[in-house]
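Number of protein chains: 2
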Amino acid sequence: MKEIQNVDIIRVKGDILQREEDIVIVEYPFTLFIEDKEIITLLCSPSSLEYLALGFLYSEGFIDSLEDITKINIDKEKGICNIKLYNVNKLRDNLRGKRTITSGCGKGTLFYNVLDSFKSQKVENILPIEIEKIKLLVREFNRKSELFKDTGGVHSCALCNYDEILIFEEDIGRHNALDKVFGRALAENINTLDKIIFTSGRISSEILIKAAKRQVPIIVSRSAPTSLSIELGEELGISLIGFARGEKMNIYTNKKGGGFL
Amino acid sequence: MKEIQNVDIIRVKGDILQREEDIVIVEYPFTLFIEDKEIITLLCSPSSLEYLALGFLYSEGFIDSLEDITKINIDKEKGICNIKLYNVNKLRDNLRGKRTITSGCGKGTLFYNVLDSFKSQKVENILPIEIEKIKLLVREFNRKSELFKDTGGVHSCALCNYDEILIFEEDIGRHNALDKVFGRALAENINTLDKIIFTSGRISSEILIKAAKRQVPIIVSRSAPTSLSIELGEELGISLIGFARGEKMNIYTNKKGGGFL
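Chains as they are written, first to last, in our numbering: chain A, 82 to 342; chain B, 82 to 342.
This is chain A alone, in the form it adopts within the complex:
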């Protein structure tokens, strides 16, 4: 399934109007059913759909590991993913929660009176890393993202160790891109405790909390963090770098006795 699509447009340049062919990014509705119950339709890029499903199930607390899943079946034509779980009671618990309304960009994945429970998920592990290493990884990350910068409107996300990018994913949504990365880490049994997350997107509280759930000690973004993500970074013990571009970057939070050297 293609991630981009040709469309006919009228291009306006000053006084000149011209019919042309252009490329737009595909937005693909992908509906998840758990035990035949419709859970959500993710509006996403149609790549790495199994990783997206896995990452979403983990992020939203439906599974704690791959072992929780009996069967996962994707129909790409119909945009449907059927998931069977070992522990169906857990599904009921999860759906009984306070989450009632789906929402778009900048809206809450979780409710903030739930936030306190996350504070127990403090990231204790420390990952000392030299700034020079980060710069090398930023360059590698930007190089990989270049194709997608051209088509416009795609977010990249990567999981790295000290030396290289281990997982790289894209999506029209920055949350989806992160879920794809974590879903693939689950599928390939890659520990995220001693890794770094790179993202092209803004770091909001939701992104930070997803990383905390996977105990990732460092997040690096090409964009800005929000006030809340900085506060949470301090509290949860996540080192946070923003505006990482070439030789420049801003360090917003840095763990004592570890983090960046």
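It is worth saying that the hints were derived from the structure and are not from the lab.
Do not rely on the hints blindly, as some may be mistaken.
Where chains are identical, the list cannot tell them apart; a pair therefore holds if satisfied intra-copy or between any two copies.
As the list claims (entries may be wrong) - Okay, derived cross-link-like pairs now, PhoX-like style, lysine-lysine, Cα gap no bigger than 25 Å in a straight line:
#  : residue 1 : residue 2
1  : K94       : K214
2  : K118      : K216
3  : K225      : K118
4  : K329      : K216
5  : K94       : K225
6  : K329      : K94
7  : K294      : K329
8  : K118      : K203
9  : K165      : K214
10 : K165      : K118
11 : K94       : K165
12 : K94       : K216
13 : K203      : K294
Keep in mind that this is a model prediction, so the values were computed, not measured.
Got chain A sorted already, so can you dock chain B onto it with the hints?
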């Protein structure tokens, strides 16, 4: 309440690390309660909160007009909004729907088997407008957005007529910015049938559907549309311009017998 916040950062430029003060955008958790039931926490910029609440209630189908609301009470300190409705049965109907999980950027506000019901909301009204007028409005929109481009990571949204910007709102989320605009249009009883929406953000299907609900005939964006938003634009009869910057823009859909001249 401030929309930006000072933070201490370490700025890295090449080999130089320096402690500095920097500005980040505030992410504010704003929780809506309808009839004492917690509905959602919007992660937003703390401005125009009443408009945001109104626009959200309308977008998500909790109200059809201002008359549906008995009382709306905002506690800025606590980040809480209490809403009382005339018709409480409607709340129950709405919550009984299929929407079960909240979600972040690029994820679905609505489920795509619900999409068919939107197709009846075809936008019949036509708004013939000259491209030159659009260019003038683009310049005005960009001028207004400039302050926020500096702080990074804020979206702008505006409602315009042929000649000027009537409503201008910003938020860290492009959905919130649009909800603020529509909420204010509701509050001030401004008809949206013969208006244009300007947005700095990507036009996804969700943005398009929100505009269709308010019967807006034209959407102009500084960014890219997705494949699905173009398809829906054709079906729902919304003219769609993307990458509108200065003298350039791309026309993706244009209504026959009307739209752009």
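Verification of the supplied hints:
1. K94 to K214: between (43 Å within a copy, 14 Å between copies)
2. K118 to K216: Intra 45 Å, inter 48 Å, cutoff 25 Å: neither.
3. K225 to K118: Classified as neither; 37 Å inside a copy, 46 Å across copies.
4. K329 to K216: within (8 Å within a copy, 35 Å between copies)
5. K94 to K225: Result: close only across copies, 23 Å inter versus 31 Å intra.
6. K329 to K94: For K329 and K94, only the inter-copy Cα distance (5 Å) is at most 25 Å; the intra-copy one is 35 Å.
7. K294 to K329: The answer is neither: 28 Å in one copy and 44 Å across copies each exceed 25 Å.
8. K118 to K203: Cα proximity of K118 and K203: none, with 33 Å in one copy and 30 Å across.
9. K165 to K214: neither (42 Å within a copy, 55 Å between copies)
10. K165 to K118: within (10 Å within a copy, 31 Å between copies)
11. K94 to K165: Neither way: K94 and K165 sit 53 Å apart in one copy and 50 Å across, limit 25 Å.
12. K94 to K216: between (38 Å within a copy, 11 Å between copies)
13. K203 to K294: Within one copy only: 9 Å inside, 43 Å across.
Hints 2, 3, 7, 8, 9 and 11 from the list above are not met by this structure, while the remaining hints are.
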